[in-house]
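Each chain is listed here by its residues.
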Amino acid sequence: MEEEIPIWRIKYHPKNLDQICGRKKVKETLKHIIQQQNFPHMLFVGVKGIGKTLITQLFSKEFLKKNYDANFKLVYANVPLSQEERKKARSEAYVSTSKIGSVAGRRITTPAFIQARVKPFVQLKVLGGAPFKILIIKNFEALGQNQQGFRRLMEIYGRNCRMILITTKISSIINPIVSRCQIVLISPAKYNDFKELITQIATQESLEISDGAIEVLYKISEGKISRAIDLLQLSSISGKVIDMEELYEYSQKFRNELIRSLLMVAFKGDFPKVRELARKILSNYKYDIHEFFKIMIDELNKLPLSKFVRSKLMNFIADSDFRALDGRDNDIQVSALLSKICLFSEYM
Amino acid sequence: MSKVKTKIPWVEKYRPKSIKEMALPTARMRGQRVKLTEELTNFIESFFEERRKVNKKNKQIREFNRTVIDKERKDEFKIPNEKAAVLLEGPPGIGKTSIVYALANDFNMEVIETNASDTRTKATIEKRLKETTKTRGIMDYIAQSKEKLILIDEIDGIYGVQDRGAIPTVIELIQNTQFPIIMCSNEYKTNLQPIYNKIRRYEVHPLPKNEVIKIAKNILKKENITNLKEEDLELIVDKNNGDLRGIINDIQGITQGNIEGDHKELILSLHRDNLEEIFSLIRDLFQVSSLREARNLTNKSDVDYNFLYKWINENLLTFIKSNRELTDAFESLSIADEIFGRIRTTQYWGLLPYFFDLFAGGVALSRRETPVSKGFQRVVFPRYTSGTYFSLTNVEKEFVEKLKRKYEISQIDFIQDFLPFLKILCGASRKQLKNVSDWLDLDPKEKKILK
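Residue numbers (the working numbering), protein chains in the order written: chain A, 1 to 348; chain B, 349 to 799.
Each hint should be verified, as a subset may be incorrect.
To be verified - Just some of the chain A residues that point at chain B, by a computed CB distance under 7 Å:
{"id": "1", "residue": "10"}
{"id": "2", "residue": "76"}
{"id": "3", "residue": "342"}
It is worth saying that the hints were derived from the structure and are not from the lab. Since this is a predicted model, take the numbers as computed values, not measurements. Even glycine gets a Cβ: it sits at the ideal position worked out from N, Cα and C.
All chains, please: the whole structure from these sequences, using the hints.
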């Protein structure tokens, strides 16, 4: 007997391509590729959290079939290298003096990320009867200048291993990489498909949910299906009938909403309180300071403010972000920004 | 009163002559408790044994090298780093230096010492130590002179521009030494990491309170002093927080001062404490009304400016209340922080005066309307330290590993997206918490993350 999974997000996790919510066109093309048993390097582009990774993962699972475990790897570009990986990359970067050629005894300047995470997988031969290996690199834009290292890599090892790159912003990917890939755009699930999925879950868990509540859920989850299922589970705790207000309340507790509420508190001008809240958010969620400022700007755009106020606040955030680049203590920069907003709120 | 009035400070007078008569502080190596005396005695014995072996081999190699051409020469052996040096780390005044001197006394060795009072550039260290470590002088062979023990005291004081190039020299010293090296340090410093990697590091902990009182009473008995009350002694011990040297100095200061009756106020007014200095400095800083006064304050104090501006950041709110002034203060502080960062990356220390003027002067002068409060203001520790890199604790890492077996998720997504949801879910009811932790097979430690 299968054990009950307590987290719905995992319980209703799609097991194959068919189970993925909506996006019929993409699924059709992918299935066609599976029949052909061949594809070029691919670049998946789409908004954050709508299931790009899931689709690519299930696709490669069905593509490789029984050879999946040996020939598949998923790499996160935004997770920093651990100390061991760094050490290993450094030691492997030296070419032994016993080798012949102009680079013998010298150091090759390959980025540590490629040296530690990509090369060991790419260089190994294909195992089993699979046509080639598949390497998925998530958040490819986080590599920045290190993307240059992939240009030759994709050509040299392209026969052995196909890469699927996943990104949220195609603009920050360098042109040579884009030209080497087939681009696949992934859009969020349509409302009808979303509704179908949610009602299916609701009937399985014997919940009562109105059409209005589903619409609210669709809006606040911003196309992120896993977020929507999370919210559904949270509001199901108190009772079998899903309440709209409860959904709103829970959605406030997620991270972007937290930063929005931080801004709202700052507009009230109570500095000690704001600083306390900011410190709590930063230490709980381990934000990179630049990402913190970026989310702040995103949230600022959603708030109803006058043009003058918005541009002024934007200026403050940009200034603080710039100073944090050189500064040693992030807390000082965040406090400085918040104190400015607090002061400015008196004139708003 | 004792009959013979010696003018030596008691700290020197009662410095233990042998390791046997010492009250030994507890020590830890990589988290495990060890006996410091045994470890150090072993260290010195094994060092000389190793040296004998290595020198014997090297003698043969040297003879071999004389007979052949340059190309075929063999390298000489060296004593392994781990056997050549150890590091003792602990708060001041708990007996690190005393142990080394007592040890040297027991083994009949001569101690060669450098400490923070010497400027330790590459050249000076080389001049002072390297020659003694590499070679042995002619006199050593003739007079059968003592063996030497090298003590690099206060190694965490190797710092800044004056001591540039010192750390590589110390490392070179460890690799080529002919004598055992013991280093002392007060705290962990990141710039000493290359040294930490090479050698054994012992954390020395302060003595327990009853042990300290026993030693203090012993000294009082030897000095024939009876006018110090028991409770005053305890007060001194409490105030010094395990710093034995501080305690002995305090006792000497109080009892030789010929003050009758109540010592309490005197004891409380003694402050050797670095913390107290920071407290009063920050309090004073917000009283000044001109840039020159602020500058004087920061110049006079020897508080590490690395921390000082973080202290100011934490305590701004207690002294300045209005938003306008706060904004000005944080503006100067944030520019100071930026400048400091640039100094560290470019090593252009010419910017340092701006840094001082901004974080001390700029901040202090931003108080214009808020009146100087007469009452006592509580100064607090900088509690919040922000990390620059994304890193997880070990427990969190294991949690993600367990989760990854069932659900593919990256560390960043886990912390920023999935964990908040899990926290709300498990906080909502106990049944949910039990279900989740059973399903993931969690330890009690990992369960704590969910709460």
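Against the structure, the hints come out as follows:
no., hint, result
1, 10, "holds (5 Å)"
2, 76, "holds (5 Å)"
3, 342, "holds (5 Å)"
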